[in-house]
Amino acid sequence: MSDEGIDRRTFLKGAAAIGTTVAAAGVAAQEKPAEKSAAKPASGDKVVARPGSDFMVDVIKSTGIEFIASNPASSFRSLHESIVNYGGNWKPEFLTCMHEESSVAMAHGYAKAAGKPMAILAHGSVGLQHAAMAVYNAWCDRVPVMMFAGNFMDAASRRPGVEWYHCVQDPASILRDFIKWDDQPASLQHFADSTIRAYRMAMTPPMEPVLITADGMLQEHPIEDEGKLSIPKLVPAVPPAGESNALRVAAKLLAGADSLVIIADRAVRSQDGLRRMVELAEALNAPVVDLGSRMNYPTTHYLCRSEDRVALVREADAVLFLEVGDPWGQLNTISDPHHEYRRLAKPDVRLVHITLSDQLMKSNYQDMQRFLPVDLSIGGDVEATLPALVEAVKREISLARKAVLAGRSDQLKIQHRAMKERSRAAAAIGFDASPVSTARLAAELWNVLKGEQWCLADSRNVTWSQRLWPAEEHYNFLGHSGAAGVGQIAPAAVGAALANRDKGIVTAVIQPDGDLMYAPGVLWTAAHHKIPILMLMHNNRAYHQEVMHLQKMAGLHNRRMDTAKIGTAIEDPNIDYAKLAQAQGVWAEGPITNPADIGPALRRALAVVKRGAPALVDVVSQGR
Amino acid sequence: MRALLFFLGSAFFSMSFSQDIEAGRKAYLKYQCYTCHGTVGQGGERGAGPKLAPNPFPWEGFRFQVRTPRQDMPPYRPGQLSDKELADIYAYVASIKPGPAATAIPLLRFD
Numbered sequence: 001m002s003d004e005g006i007d008r009r010t011f012l013k014g015a016a017a018i019g020t021t022v023a024a025a026g027v028a029a030q031e032k033p034a035e036k037s038a039a040k041p042a043s044g045d046k047v048v049a050r051p052g053s054d055f056m057v058d059v060i061k062s063t064g065i066e067f068i069a070s071n072p073a074s075s076f077r078s079l080h081e082s083i084v085n086y087g088g089n090w091k092p093e094f095l096t097c098m099h100e101e102s103s104v105a106m107a108h109g110y111a112k113a114a115g116k117p118m119a120i121l122a123h124g125s126v127g128l129q130h131a132a133m134a135v136y137n138a139w140c141d142r143v144p145v146m147m148f149a150g151n152f153m154d155a156a157s158r159r160p161g162v163e164w165y166h167c168v169q170d171p172a173s174i175l176r177d178f179i180k181w182d183d184q185p186a187s188l189q190h191f192a193d194s195t196i197r198a199y200r201m202a203m204t205p206p207m208e209p210v211l212i213t214a215d216g217m218l219q220e221h222p223i224e225d226e227g228k229l230s231i232p233k234l235v236p237a238v239p240p241a242g243e244s245n246a247l248r249v250a251a252k253l254l255a256g257a258d259s260l261v262i263i264a265d266r267a268v269r270s271q272d273g274l275r276r277m278v279e280l281a282e283a284l285n286a287p288v289v290d291l292g293s294r295m296n297y298p299t300t301h302y303l304c305r306s307e308d309r310v311a312l313v314r315e316a317d318a319v320l321f322l323e324v325g326d327p328w329g330q331l332n333t334i335s336d337p338h339h340e341y342r343r344l345a346k347p348d349v350r351l352v353h354i355t356l357s358d359q360l361m362k363s364n365y366q367d368m369q370r371f372l373p374v375d376l377s378i379g380g381d382v383e384a385t386l387p388a389l390v391e392a393v394k395r396e397i398s399l400a401r402k403a404v405l406a407g408r409s410d411q412l413k414i415q416h417r418a419m420k421e422r423s424r425a426a427a428a429i430g431f432d433a434s435p436v437s438t439a440r441l442a443a444e445l446w447n448v449l450k451g452e453q454w455c456l457a458d459s460r461n462v463t464w465s466q467r468l469w470p471a472e473e474h475y476n477f478l479g480h481s482g483a484a485g486v487g488q489i490a491p492a493a494v495g496a497a498l499a500n501r502d503k504g505i506v507t508a509v510i511q512p513d514g515d516l517m518y519a520p521g522v523l524w525t526a527a528h529h530k531i532p533i534l535m536l537m538h539n540n541r542a543y544h545q546e547v548m549h550l551q552k553m554a555g556l557h558n559r560r561m562d563t564a565k566i567g568t569a570i571e572d573p574n575i576d577y578a579k580l581a582q583a584q585g586v587w588a589e590g591p592i593t594n595p596a597d598i599g600p601a602l603r604r605a606l607a608v609v610k611r612g613a614p615a616l617v618d619v620v621s622q623g624r
Numbered sequence: 001m002r003a004l005l006f007f008l009g010s011a012f013f014s015m016s017f018s019q020d021i022e023a024g025r026k027a028y029l030k031y032q033c034y035t036c037h038g039t040v041g042q043g044g045e046r047g048a049g050p051k052l053a054p055n056p057f058p059w060e061g062f063r064f065q066v067r068t069p070r071q072d073m074p075p076y077r078p079g080q081l082s083d084k085e086l087a088d089i090y091a092y093v094a095s096i097k098p099g100p101a102a103t104a105i106p107l108l109r110f111d
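Residue numbers (this note's numbering), protein chains in the order written: chain G, 1 to 624; chain H, 1 to 111.
Just so you know, nobody snuck in bad clues.
Okay, the calculated beta carbon distance ranges per label pair: (1) T103/H - E340/G: 35 to 41 Å; (2) D317/G - R109/H: 35 to 41 Å; (3) K346/G - G47/H: 20 to 26 Å; (4) G61/H - S335/G: 16 to 22 Å; (5) R109/H - D410/G: 23 to 29 Å; (6) F57/H - P600/G: 36 to 42 Å; (7) D58/G - G47/H: 50 to 56 Å; (8) E546/G - P69/H: 15 to 21 Å; (9) G161/G - K30/H: 52 to 58 Å; (10) G407/G - P69/H: 38 to 44 Å; (11) D58/G - R109/H: 53 to 59 Å.
Because the hints were derived from the structure by calculation, they are not lab data. For glycine and all other residues, C-beta sits at the position ideal for the given N, C-alpha and C.
Working from the sequences, and respecting the hints, build out all of it.
Written out as structure tokens, the structure reads:
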């Protein structure tokens, strides 16, 4: 959102005026040297040695934020300059982005991989307008992002023209339906207080984006009486845990169930959380369905049964939901395009949900999903609640009951193996096809990642990875965009790769073509900042979901079925993603149509990534 | 029983229509069956569409599903897809040979 703030004609007039002033001053100096010291200094002599934006940088640094992603813009030019020169461009380091949507999506992916937020900077008006969809994705995915917006509140001080277009009475209004908190501080102390408050709120589950407006004049004017300013101490809030009596009731219900299934969605954010999940499932000897918004359960464990969700739900007499975004949708279906309702679960299934969804409900955007009445709803963060829940469950299970539960293990192990074998058998069909099957994409990528510590930045777009890959670390699968707002996957993957860069974790993404084309400039950002991301293109040359929607509508309307690619296909001409990447300084190969060529190309790409740079391999692939 | 149905269905199919596999392949692509089921009938993930090949279910069931589908599939009615074209598509799907088993594919060894 670059703007000059002043056009060329105005600049030249201004320069001429400055020249005139300097010349006149020179003449005056020759005529009356004694009056020089008394003359009013020219505006060009004015120095603001300690602008308010320096203090803002001190505040941001105090939070430990390491990166600040932004497309440069005049409404935060002073803060930008302070970050670079006063702050040394280090913690936070300024990341040059080509679009505000990329900035926020990068912060989204970064937060899930790093476990802490990145900051972004944007114009309070046009910048946040660009950013809005990415903010909504982060909101729906319950991910913290620290957003700062530049704005000049004092209309009397604004420069005429562009600066007015870029100012707004209430910058947060465009986002307020899907951010947790915002403020527009009127003083530097106010900025410090609100930034620390915002950070703490963003990081308290349910985690969400927050926005602080940095007023332009507050940034640019000198700090007055700095001795009176202070930066509040940042003390993270203890995450809310489920109430102990409620957990006892839940434990009794769960321990007594004959056919229990655990369904987890945004439950885990650490290795300890993953370990607790296994402990809980083993204590109950209950199968776990991981819906995959986070890495909730090891895919190698015998109780992992994510592919068997429908069958398990049908048989269940009790379901434990762990921060499930759409619990109704796990028990019921509505067909498409005929909207036929079907109940999957038994009518008397007992339901327990541990969730913070009731703590963070806004009414306009419908991310709350359809209401599902449950037998016991426990308000709490799952990770914070798991230790007490595990203990409550263990206390509730008698020795006799423990023996009964243990007696199910052999059958559960057989069922787990059968699920895995079905997935492998399904992956084998069309394995040598061209366009390349999505299963082949996943298998080829695993073949180069298997010797590494690895992270798949989006694990929803191609779900073969969850079905096939052995995954046992909490950072392996980062889930998905949250709101399915297209254009998030590429920048979120770059953000995740940045977070993983210094941990020795190789970050990869199976990158949809349509998603990349929303803001492909993020490839340049990855190249410029040396962010090592392994990008394997899932290039099906279409907005493929929409192709299928068009077919459904044509069938419903009894019209011709061969026109569904009009308006949905990305072909004629085909996009050369390797050239797109190369043009921005990214190593790339493709397009590959022979599946046998993928492996060698990926090995070359991995070598580039391990040298600290991004790499892209373009593969022409099946739709799904 | 399933094998018997398949035999009867296949027999009915072979008696009723000439099998034009190449025309079926072209119709399969033209009517974009592949968007949900894959170009070689392997199926599409995330619920896009089940696998059709190898070993498709019997012709009668296949025809019934295409004309009056259950669940998330659009109907392909005779006005949009002729009986001959449908039969050709079935011939194409039925002609797809099984590939190597998963156990014979090194890339599918994950454990």
